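Enquirer: What follows is the residue order along each chain.
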Amino acid sequence: MGTECTCNCNQSKLDALFAQYKGNPNGLIVVMAAIQESQGYLPKDLLVRTAEELGVPLSDVYGVATFYAAFSLRPRGRHSVNLCLGTACYVKGAPEVQSMLEKEMGIKAGNTTEDRRFSLDLVRCLGACGIAPVLTVNGEVYPRMTAEKVTEVLSKYE
Amino acid sequence: MNFKELELLRATAKEGIKLRLGEEPSDNFKYHVLVCGGTGCHSVGCQNTLQALQKAIDSQGLQDTVKLVVTGCMGTCEMGPVITVFPDGYYYCRVQPEDAEELVTSHLKEGKYVDRLCYHTADGTVQPRKSDMTFFKKQKRNALRNCGLINQTSIEEYIAVGGFKALAKTLQEMTPQQVVDEVKKSGLRGRGGGGFPTGLKWQFVLDQKSDQKYVVCNGDEGDPGAFMDRSVLEDDPYSVIEAMTIGGYAVGANKGYAYIRLEYPKAIDHFNKALARAREVGLLGNNILESDFSFDIEIRVGAGAFVCGEETALLASIEGRRGEPRPRPPFPAVSGLFEKPTLLNNVETYASICPIIINGGEWYATMGTEKSKGTKVFTLAGKINNTGLVEIPLGLTLREMVEDIGGGVPNGKAFKAAQTGGPSGGCIPAAYLDTPIDYENLAALGSIVGSGGMIIVDESTCMVDLAKFYLGFTQDESCGKCTPCRIGTKRMLEILERITKGLGKPEDLDLLVELANSIKASALCGLGQTAPNPILSTLRYFRDEFEAHIKDKTCPAGVCKMPRKGLKS
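These protein sequence lines are chains V and F, in that order. In case it helps, this note's numbering puts the first sequence at residues 120 to 277. In case it helps, this note's numbering puts the second sequence at residues 9 to 577.
In isolation and in its complexed conformation, chain F is listed as follows (with noise of 0.2 angstroms):
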């Protein structure tokens, strides 16, 4: 394929999709029914759904006039199987197989929509339309434009939507040095939790020189809690493999590596389908799209390690050795892959890439806050009325996040604190709900942003026994190369299980505060330095849990089950 080809192909393919764009189709279509596919529908029996429907369209012969489609998250995990009807975007929740023939019949044959299963707030409010819901009003969707609206593995409706265009733009327009600086532009930051100006580090690379690059992928996503990756590598792989392809010819670099991890077949199938189609097309290999440029992506699956989420392990375990990091520098950036120069960013940030480079770096810019610039996806989750996948700009509120989008706290208990950026994070409590959220905001308040992963707690949650629950993950996590990690966080643990047993003493929170300060102080790596933060975080905002947990032998949320009173240590 060439440019003139893969343009061409747009045209055709455009016409396909063009009711679910909301333009006047020229096909017989009248209805796109889009069932969602991502891993919460799936698990709910979307594909049930899926066969009803289609047995309901045909038994009323619609087969020629109704298309269906199945595509990736919609975004509203908790309400799976979810359906959306274009035109309009009408909103399906929780669509049962003995729904299918009425929603055919009324909706699709007589054009009236079904009420009773469209999305209702917590009021009982009706909000029949993706336009008219609160959870979609205040997103802005870069990074997961495509997801929920296009197949998750057609070619065909990914270049519909603008797919290829920027690199298309690229190999035509653009020297690799104009496309860092439009990255650098854009003020885009890692989205993989470090936060590192991206623009920089592909300088960085570029200025490498080397006989041989890489890019790497990092999609270890294994933060507890986040699933944002998962979905951007499941429901839109062609705009990881363009945006790497991208990176390639920004670095110079012709080789690249996505490290998926093996928690997620369905990502692994759905990225090495598109790894191959895209190859048939000419659009990864030699001489894309008839250019000069060669780039191609091997697959390397993760075996389960939370640790080679951290970059320096992470390009350990695609060497084929233990996931342990090393210490920098040297940065990956000038010794990665192979002792070569690699650039390496998280999925996300790959997939906010593509954008950027069709609309300017200063458009992205636009978006966010000062330092903390374009738009961020939270995996909105725990005691939270609408659990899924949102994407806003940075600078909304904490309060708008949790009551707006995420249709507040249910079975009217109080919102206590919201956990952010998993075990490297901390708890934001509800004092500080009109913060904006930000990489600088958060960190001021004892959390980070990470990988974005936002568990909502309330009341009946014990900060105490969340705290442990974290450090126990670490703990087990830690890949025991460094001994501030390996013992340090197995004596906070210790600790801990003490003070939710009803055994701890009133030295024990000093201590903790000592052994975190130093851990942070010492560790290798991310995974050790940020370890302690759920600790300190909490121990900050709720240190009267803790207190109740030594002094009263009391757990005030009810959860740690404490010994009768007067019970010796």
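Next comes chain V alone, as it looks inside the complex (with noise of 0.2 angstroms):
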């Protein structure tokens, strides 16, 4: 218990979140979310501290955090490329930008580049499909991509 925050960040903002659901199964998703949001990923140290204040099996708590999308147990590129894959963005050639993206970054889909300069994800309908095919950037919308202004838009994130 009270495993150090390595990052000085939201460390209050996890307490008091603790403290808000000390040994209250219900509040799992939203500490989760809290730590997910605050490090960028779910270090296992505070998975098991979740487990003990929430009073919440272990297994329990691997098992949601691997059931969601929006969680993430290894540590996450500094930027995050989301490419949509819904219908609308489908039909109008997203999958030549995704070709594009895992070419240009090296890996594929789902994955982080070794310098953990991006990670790429591709994500189930943005609910933007007047402009597909979307692309968002650290929640940066970039509207009707093609696989040519892939590498301009890339260049923009160190």
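Incorrect hints may have been included.
To be verified - Heads up, simulated DSSO-like pairs for lysine-lysine below, C-alpha to C-alpha not over 30 angstroms straight-line:
| id | chain 1 | residue 1 | chain 2 | residue 2 |
| --- | --- | --- | --- | --- |
| 1 | V | Lys132 | F | Lys193 |
| 2 | F | Lys22 | F | Lys281 |
| 3 | F | Lys148 | F | Lys26 |
| 4 | V | Lys268 | F | Lys509 |
| 5 | V | Lys141 | F | Lys348 |
| 6 | F | Lys117 | V | Lys141 |
| 7 | V | Lys222 | F | Lys348 |
| 8 | V | Lys222 | F | Lys569 |
| 9 | V | Lys227 | F | Lys489 |
| 10 | F | Lys569 | V | Lys227 |
| 11 | F | Lys569 | V | Lys268 |
| 12 | F | Lys146 | F | Lys193 |
| 13 | F | Lys421 | V | Lys268 |
| 14 | F | Lys498 | V | Lys227 |
| 15 | V | Lys141 | V | Lys163 |
| 16 | F | Lys22 | F | Lys120 |
| 17 | V | Lys132 | F | Lys281 |
| 18 | F | Lys569 | F | Lys559 |
| 19 | F | Lys193 | F | Lys177 |
| 20 | V | Lys222 | F | Lys498 |
| 21 | V | Lys227 | F | Lys421 |
| 22 | F | Lys217 | F | Lys177 |
| 23 | F | Lys192 | F | Lys177 |
| 24 | F | Lys274 | V | Lys275 |
| 25 | V | Lys227 | F | Lys561 |
| 26 | F | Lys22 | F | Lys177 |
| 27 | F | Lys509 | V | Lys222 |
| 28 | F | Lys281 | V | Lys141 |
| 29 | F | Lys263 | V | Lys132 |
| 30 | F | Lys274 | V | Lys268 |
Said to hold, decoys possible - Output of the computed footprint for chain V on chain F, the stretches with three or more beta carbons under 8 angstroms from beta carbons of chain V:
| id | stretch |
| --- | --- |
| 31 | 46-55 |
| 32 | 79-93 |
| 33 | 227-233 |
| 34 | 268-277 |
| 35 | 380-391 |
| 36 | 460-466 |
| 37 | 481-489 |
Please keep in mind that the hints were generated in silico from the structure rather than gathered at the bench. Owing to the predicted nature of the structure, the values given are computational and were not obtained by experimental measurement. No residue lacks a Cβ here, since even glycine has one placed at the ideal position from N, Cα and C.
Please assemble the complex out of the two chains, which come individually in their own frames, going by the hints.
Expert: Printed below as a string of structure tokens:
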């Protein structure tokens, strides 16, 4: 218990959440979402603490962590690149954008580059079908993407 | 705030938006310039256009006579940034920052609209006002009534256009049973996809005896190609809050949860702001409008799982568990959140409630067809000129949707099919363009209305590839709890992958049908039960394309990469 946060961010916010949901398994996803947000992934020590504080078996914590797409057990890249693979994006050329992104980054979607510059993920419908295909980098939206634009977009992020 | 203060506030607030409603204003504003702040417009730089407009208005000294307002989605997402100028509702498309000066000088100063920025149809005709536009003419907006008209998070503007009138009416004049009866009379059916009669659902929850009941809003819109819930949550959050509160009063609940998906950060933000503001003025919380009724709402953010759109999975997720569905019965109306009776409806369903309460259930039932009453929001996307958010009375034909509202297929290509209902739906080919859109007709064609996603595809889309796309989606999103869905969809996907690589065998098609039918019959929840629909419907109407892939090793649309002829599987 009481693992020190290594990046001195949001420690008090997490403590408050642990206090709020002490012994209450219903808060599991809320707490894990806060950890994911502040750390960028779910470090093992914090998951152990979550299990203890909320009174949930660690196996269930792991079960939830692996079930939802928002949670990651591994550290992520500095820039999070999400390509929408909703139907509108798909029929308007998202697969070509995907191949180009994978080629440029040298990784398959779902992974992080070795230098941790980028994480590339395919997401299911961002709900912006009018401007398909859609790419987001750290939440910033790039509408009407094409494979040709990939290099230029990526070069903006160090 | 009490009932009287609400009406007083409405009267003052209404003065501020009269110009937009076509009434004579008593303030000094000659023009209201509405800038669309919807996600589509936002991503193509509407904030720069907004700044440029502000600058031009200031530099021309018009700040006291022109009001600049950011609103939610106006509907034509393809043409962003979009702005509307009142009076008369002139509609400008793709307004860039460099257009601001001309727009302000010409329209706001000299009173002449700027032709080149107006909406032009494919044949070049100009449709300068909203009322001239074929895109809007056949629409009827209930759920979307405030989208694109009012400031997204201003409770004053919401109240000005009649907001919280329905809540005040229920609390002052109606018994819970009367509220439920009104919803029953409307014929409204669940807009999330199931199409279950909403009034009946409300009655079930009302009839339960329990010390605690809940109201839940399903805002986990995960269907690829559907974004109507996002627009309502972002652009008109108070309409959902008001309807959930009415639902709470009707069924006897004092606590609500709005489950909103993580992929919609702006919707979460706006809904949060709206909740705080509603609490602040006494329209949410203890003793609402100084009545005996108390109700509050909490947001739960989804964590990225399509299956959570399934009601029992969504409830599990709110409880902090893996979002896996469970067999029904018991239905959530009997045993839902924390095993208590729960009223669970989708965003668009809630958004339709207030007009029903104000105008009466019979009024709503005059729209639509015999068994499918009212209006339904569709998101029109894919290979179509006017992509966007569309609300129509049910019963409009597919042709009116594609040609009149959608403006046809771009680049002179031929319409091939409309895919409705996302991964749970199917394709409707050109031969059925004159079918009126309603729950029964689409089901008879092997598709569904579903949540309302409508993707138009043209001749350059391969239907086998499209079926594979949907199956890849459901396979990916299957929670894995039941075998038919977990393994069945995987086997179907493998077969489709083989076919698109030119390695299909003639007997594959029979195997696909057999697998599809057994998965439909045996899967635990809606996700699995409907997963085979895209395959069955493409096989029904486009079997020749499958056969071309298998027998001739060619992809008629030129999408799938086929190996040279003669390669052995």
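Enquirer: Given as covered by chain V, does the stretch 46-55 of chain F meet the bar of three residues or more with CB within less than 8 angstroms?
Expert: holds (count 5)
Enquirer: Are there at least three residues in the stretch 460-466 of chain F whose beta carbon sits under 8 angstroms from a beta carbon of chain V?
Expert: Coverage by chain V holds for the stretch 460-466 of chain F (3 residues, Cβ < 8 angstroms).
Enquirer: Straight-line Cα separation of lysine 227 of chain V and lysine 421 of chain F no greater than 30 angstroms?
Expert: violated, 34 angstroms
Enquirer: With a cut-off of 30 angstroms on the C-alpha distance, tell me whether lysine 227 of chain V and lysine 561 of chain F pass.
Expert: Roughly 28 angstroms between the alpha carbons, so the hint for lysine 227 of chain V and lysine 561 of chain F holds.
Enquirer: Please work out if lysine 263 of chain F and lysine 132 of chain V have their alpha carbons no farther apart than 30 angstroms.
Expert: Cα-Cα ~25 angstroms, so holds.
Enquirer: Please verify whether lysine 509 of chain F and lysine 222 of chain V have alpha carbons no more than 30 angstroms apart.
Expert: holds, 22 angstroms
Enquirer: Under the criterion that the straight-line Cα-Cα distance not exceed 30 angstroms, is the pair lysine 569 of chain F, lysine 559 of chain F satisfied?
Expert: Roughly 15 angstroms separates the two Cα atoms, so the pair holds.
Enquirer: Holds or violated: are the alpha carbons of lysine 274 of chain F and lysine 268 of chain V at most 30 angstroms from each other?
Expert: Measuring from Cα to Cα gives roughly 26 angstroms; hence the hint holds.
Enquirer: Is the straight-line distance between the alpha-carbon of lysine 498 of chain F and that of lysine 227 of chain V 30 angstroms or less?
Expert: Distance of about 21 angstroms is within 30 angstroms: holds.
Enquirer: For lysine 227 of chain V and lysine 489 of chain F, compute the direct alpha-carbon distance and say whether it is at most 30 angstroms.
Expert: holds, 27 angstroms
Enquirer: Quick one, are lysine 132 of chain V and lysine 281 of chain F close enough, alpha carbons at most 30 angstroms?
Expert: holds, 20 angstroms
Enquirer: Quickly compare the C-alpha distance for lysine 117 of chain F and lysine 141 of chain V to 30 angstroms and report which way the hint goes.
Expert: violated, 62 angstroms
In this structure, the earlier hints numbered 1, 6, 7, 21 are contradicted, and the remaining ones agree with it.
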